[in-house]
Amino acid sequence: MSKSEVKIYHGAIVCKEAKLRGDVTVGSMTVIHPCATIIAEAGPVVIGDGNIIEEQVIIVNRLPENGETSEETPVLRIGNNNVFEVGSVVESTSIGDNNVLECKSYIGPGVNLGNNSVVGAGCRLTIPEQVSDNMMVYGKNCARKITSDKPPNQYLQREFLTKVLPNYHLLKKSRISASQGSSQTKEDKG
Amino acid sequence: MAHLLQQNVLVVCSCGSLKPLTKLYFCRHCVVLRCGYCVSQEVDSIYCSNCLENLASSEAKLKKNRCGACFDCPCCFHTLTIRATTVSRINTQPEGSPASASKTSVKSYYLSCFFCRWTSRDAKIPDQPTATSSNWPEHENPHVARISSLIEYYKIITLRERLEKENRMFLHSSRRNYQHFSEKFGLTAMLARKRAGLPPLSLGRDDSSSTPQVTPAEASEEVEALPENIFSEPVNVLKLTSLPQRYVIPDLQPEFVADLFPIHKQLFIKRSQRCKSCLHNIFKPEYGPASIKFKIHLAAYYYVPEIRIMEMIKAKSGKATELCLKISNPAQISTQIQFLQLIDVPEESPQIEVPIVDEKKDDTGDKKSLTGVTTAQKKAYPLEKPRIVKYELNSEIILPNVTFHLPARDDTAEYDDSSESQPTPDHISVVWKKGNKLVVKFSVIPNEDLVDQDEIRIGFIMRYTYHDKIISPLEQKEGKDVNIDVRHYLNVGSIE
Numbered sequence: 001m002s003k004s005e006v007k008i009y010h011g012a013i014v015c016k017e018a019k020l021r022g023d024v025t026v027g028s029m030t031v032i033h034p035c036a037t038i039i040a041e042a043g044p045v046v047i048g049d050g051n052i053i054e055e056q057v058i059i060v061n062r063l064p065e066n067g068e069t070s071e072e073t074p075v076l077r078i079g080n081n082n083v084f085e086v087g088s089v090v091e092s093t094s095i096g097d098n099n100v101l102e103c104k105s106y107i108g109p110g111v112n113l114g115n116n117s118v119v120g121a122g123c124r125l126t127i128p129e130q131v132s133d134n135m136m137v138y139g140k141n142c143a144r145k146i147t148s149d150k151p152p153n154q155y156l157q158r159e160f161l162t163k164v165l166p167n168y169h170l171l172k173k174s175r176i177s178a179s180q181g182s183s184q185t186k187e188d189k190g
Numbered sequence: 001m002a003h004l005l006q007q008n009v010l011v012v013c014s015c016g017s018l019k020p021l022t023k024l025y026f027c028r029h030c031v032v033l034r035c036g037y038c039v040s041q042e043v044d045s046i047y048c049s050n051c052l053e054n055l056a057s058s059e060a061k062l063k064k065n066r067c068g069a070c071f072d073c074p075c076c077f078h079t080l081t082i083r084a085t086t087v088s089r090i091n092t093q094p095e096g097s098p099a100s101a102s103k104t105s106v107k108s109y110y111l112s113c114f115f116c117r118w119t120s121r122d123a124k125i126p127d128q129p130t131a132t133s134s135n136w137p138e139h140e141n142p143h144v145a146r147i148s149s150l151i152e153y154y155k156i157i158t159l160r161e162r163l164e165k166e167n168r169m170f171l172h173s174s175r176r177n178y179q180h181f182s183e184k185f186g187l188t189a190m191l192a193r194k195r196a197g198l199p200p201l202s203l204g205r206d207d208s209s210s211t212p213q214v215t216p217a218e219a220s221e222e223v224e225a226l227p228e229n230i231f232s233e234p235v236n237v238l239k240l241t242s243l244p245q246r247y248v249i250p251d252l253q254p255e256f257v258a259d260l261f262p263i264h265k266q267l268f269i270k271r272s273q274r275c276k277s278c279l280h281n282i283f284k285p286e287y288g289p290a291s292i293k294f295k296i297h298l299a300a301y302y303y304v305p306e307i308r309i310m311e312m313i314k315a316k317s318g319k320a321t322e323l324c325l326k327i328s329n330p331a332q333i334s335t336q337i338q339f340l341q342l343i344d345v346p347e348e349s350p351q352i353e354v355p356i357v358d359e360k361k362d363d364t365g366d367k368k369s370l371t372g373v374t375t376a377q378k379k380a381y382p383l384e385k386p387r388i389v390k391y392e393l394n395s396e397i398i399l400p401n402v403t404f405h406l407p408a409r410d411d412t413a414e415y416d417d418s419s420e421s422q423p424t425p426d427h428i429s430v431v432w433k434k435g436n437k438l439v440v441k442f443s444v445i446p447n448e449d450l451v452d453q454d455e456i457r458i459g460f461i462m463r464y465t466y467h468d469k470i471i472s473p474l475e476q477k478e479g480k481d482v483n484i485d486v487r488h489y490l491n492v493g494s495i496e
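Going down the list, the protein sequences come from chains F and C. Start counting the first sequence at 1; every next residue gets the next number (the UniProt record's numbering). Start counting the second sequence at 1; every next residue gets the next number (the UniProt record's numbering).
Check before you lean on any hint, since a few could be wrong.
[Unchecked claim] With a straight-line Cα cutoff of 20 Å, these simulated DMTMM-like cross-link-like pairs (lysine to aspartate or glutamate) come out:
(1) F:145 <-> C:259
(2) F:145 <-> C:255
(3) C:124 <-> F:49
(4) F:140 <-> C:42
(5) C:319 <-> C:481
(6) C:239 <-> F:133
(7) C:239 <-> F:149
(8) F:163 <-> F:91
(9) C:284 <-> C:42
(10) C:469 <-> C:454
(11) C:265 <-> C:59
No lab work stands behind these hints: they were computed from the structure.
Let's have the full structure, built from the sequences with the hints guiding it.
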């Protein structure tokens, strides 16, 4: 697979240094920081709108370890308005909307995240399961509880990043067509 | 930072406990090491760690040692923060016409935990109109009446016991004339009451009628039956509280997550440490809770030369192996260091402190040494018998029989590039020398019976000279040099 399969919708901010490999689709208004890594190994990675993917985040659609190949290609789907904080690792196949993955958290293969969930800093979810909505995982023992309120809206943070990141970084040009690839880069003044 | 917390180099305190040097104090007046166990701890001030409010001890007692304004999360025990939300409220006028309805945005506040996202709304606490946190609802202790009656009862009992004790002392004393004490025990006041026809005040002597009666608690055999649905409904762990969550609110002990209630934050104290034998302060922090400085700061780390292991060794049992130790002098005065075997100085006896004669001030040397011996022996007398050090040594160390000179610490020396032209090391065992630091080579012979992966444990005495600047008015004006023996126990590596 080559770089040219990366699809970036209009309005997304994807820094050039970010590593996007394979069939990766980035929805509009999504912000991807320079050192994030998104790899579509076993199948495509589809990222929705309005996500923030911070530095050192690794999102991988990994090939199964035992070498099994299912009939349909697995697709890693990420919903809208999620926040992936610094150093979080995602190897699951489905993530809903409005989730927050705090720093250094880990979502293992087979763990499907619902909506409005928070995975606390350093928490690891490794056993395949469907995490119910509004789940909060926190602390060193990964204690769980259902919260009543949603995680805070990241709208202002996203707006800020959309303004600031182009000032200091080269961006991958947002285009839906994959034919020209991401070799052309948009260079911003400033 | 890691070397500050390491457990490989342990020092024996004057009380016999083994601690790393960073956890020890140094009493300048007794010229001995002290640790947290053998100093008296005193509470200096009581404060809240969150709002840094300083409370008097009586006030803190009244508030049950908890801050009135700050809360902890009942779910994860982190500090709760106050968050504001704007709620738009529609004010409908009595006429009910849609035109008269006006929208006003009102700020309301609730408590929220940033760590586990618990909010006071989970506990069904209504949002507060003001940010001042004094008016948060309090939960009522169901046993408050019982507790206060018990406290009342025991207060009277302690008072009575104290009086009885005083009476006993009074009877034993040879003085028979009670008139002396008429004023002290309020006899005149009692007489005045009697004359006025009032009931006599109880002195707690033999009138048991004045004791408030408390009903003793009775254990009952009747146990509340389990609710019916406990057998039929599946357990939802997410709705139940954990044991720590229950015990942190002992009066409620909520069973369900929905019943959790914000906990008032526990107050913190600032402590000062005092030497038990000379009653001087060893550590004294500044009074204000916001300050992190100390008025008196006698940590052993600033007075006793520090020994660090340069590299953990891998040795074969029975074979001599080289061990490098780095010695640094933290004091502002240069020092002489000698190494002795542990058996050279008996463990039980108080420290032997032989004052050495300073060569520069030779003229007063004789007099000094005499006074030095007496004061050192007098001062270094331990309060309690030190405990016996339990540290199994399994290897032998060969110590160089020389005195090393370590200059005073000089913070500017680190920025001095010209230090390359240091004088050559004065002894063959000195590997490296710079400023107040010195690396000395030792030879370690692990015992024959050690097997693979065994720790190599050695011990020795570091004898260093300490310039005692404490001037007692009876003795000479300028300080004196004393030798201090510090017993070290080291784990230097493992058997290969």
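Hint by hint, here is what the structure shows:
1. Straight-line distance between C-alpha atoms of residue 145 of chain F and residue 259 of chain C comes to about 14 Å, which keeps the hinted pair within the 20 Å bound.
2. The hinted pair formed by residue 145 of chain F and residue 255 of chain C meets the criterion: a straight-line CA distance of about 15 Å does not exceed 20 Å.
3. A C-alpha spacing of about 35 Å is found between residue 124 of chain C and residue 49 of chain F, which places the hinted pair above 20 Å, so the restraint is violated.
4. Taking the CA atoms of residue 140 of chain F and residue 42 of chain C, the gap is near 35 Å; set against the 20 Å cutoff, the hint is violated.
5. Taking the CA atoms of residue 319 of chain C and residue 481 of chain C, the gap is near 39 Å; set against the 20 Å cutoff, the hint is violated.
6. Between the alpha carbons of residue 239 of chain C and residue 133 of chain F the distance comes to roughly 15 Å, so the proposed pair stays at or under 20 Å and holds.
7. As the CA atoms of residue 239 of chain C and residue 149 of chain F are separated by approximately 16 Å, the hinted pair is consistent with the 20 Å bound.
8. Only pairs whose Cα atoms come within 20 Å are accepted, and residue 163 of chain F paired with residue 91 of chain F is rejected, the gap being roughly 30 Å.
9. A hinted pair counts as satisfied when its Cα atoms are at most 20 Å apart, and residue 284 of chain C with residue 42 of chain C qualifies at roughly 10 Å.
10. Taking the CA atoms of residue 469 of chain C and residue 454 of chain C, the gap is about 44 Å. The hint is violated against a cut of 20 Å.
11. Taking the CA atoms of residue 265 of chain C and residue 59 of chain C, the gap is near 15 Å; set against the 20 Å cutoff, the hint holds.
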